[in-house]
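*Asks:* Keeping the supplied structure of chain A fixed, place chain B upon it in accordance with the hints.
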Amino acid sequence: AQSVTQPDIHITVSEGASLELRCNYSYGATPYLFWYVQSPGQGLQLLLKYFSGDTLVQGIKGFEAEFKRSQSSFNLRKPSVHWSDAAEYFCAVVRRNSGNTPLVFGKGTRLSVIA
Amino acid sequence: DAGVIQSPRHEVTEMGQEVTLRCKPISGHNSLFWYRQTMMRGLELLIYFNNNVPIDDSGMPEDRFSAKMPNASFSTLKIQPSEPRDSAVYFCASSNRDRNEQYFGPGTRLTVT
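Chains as they are written, first to last, in my numbering: chain A, 15 to 129; chain B, 72 to 184.
Everything labelled a hint here was simulated from the structure, so no lab data went into it.
Every residue, glycine too, gets a C-beta built ideally from N, C-alpha and C.
Computed list of chain A residues with no C-beta within reach of chain B, every gap over 12 angstroms:
no.: 1; residue: D22
no.: 2; residue: S32
no.: 3; residue: N38
no.: 4; residue: G76
no.: 5; residue: R83
Quick look at which bits of chain A chain B covers, simulated, 3 or more residues with Cβ under 8 angstroms:
no.: 6; segment: 57 to 64
no.: 7; segment: 108 to 119
Label pairs and their in silico Cβ distance ranges:
no.: 8; chain 1: A; residue 1: E29; chain 2: B; residue 2: G113; range: 22 to 32 angstroms
no.: 9; chain 1: A; residue 1: P93; chain 2: B; residue 2: R168; range: 30 to 40 angstroms
no.: 10; chain 1: B; residue 1: Q88; chain 2: A; residue 2: T69; range: 48 to 58 angstroms
no.: 11; chain 1: B; residue 1: A73; chain 2: A; residue 2: G76; range: 21 to 31 angstroms
no.: 12; chain 1: B; residue 1: I76; chain 2: A; residue 2: S53; range: 16 to 26 angstroms
no.: 13; chain 1: A; residue 1: G30; chain 2: B; residue 2: T147; range: 42 to 52 angstroms
no.: 14; chain 1: B; residue 1: E85; chain 2: A; residue 2: S94; range: 46 to 56 angstroms
For reference, chain A alone in the conformation it holds in the complex (with noise of 0.2 angstroms):
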């Protein structure tokens, strides 16, 4: 069965320093990879999303993300971090051409940012 692993729970990085949040996936083929934010009594939004192509892809608010098929990883990453990234980051993964089935989300990797 498919699975995600988000090896870091909590993260703690001072603000302007660079940020890598890891993902791995279990999968029996490249799955869609997904990257989203949830900051504090909000839902989750979309950070980023890989389907295919450049294996590096840019999303919002400054974030990227490498997809590297031999490692089976979608590390996210920020070259400067702001105190307003401080919030619960999923990794998030989905079968190729499977319709609208349901994505199958990490654990949450919590990221806090100091001065």
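*Replies:* Here is chain B on its own, set in the frame of chain A:
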């Protein structure tokens, strides 16, 4: 585009009462998903619909939970009777036929006392 709309945003009720949560998906989207989020269990898929038809309700915790989608623009999640352990944030999300990306509503925070 108004996004996914959920109501109410907050609901406080007493144990044993009926609770109805409402969702309006994004216009043109043909799939709708109900999730529950708690600290202990994280984000759980309860049920989803394609073209107003329930496809998988295996995530619905008990018979006390039911969901309907009478038309493409409206869905309800009902809990009857409610229990304190149902306290959680309930999210609705929608997606369209060609893309799997889901768009989430702001959620309903349910507290059962």
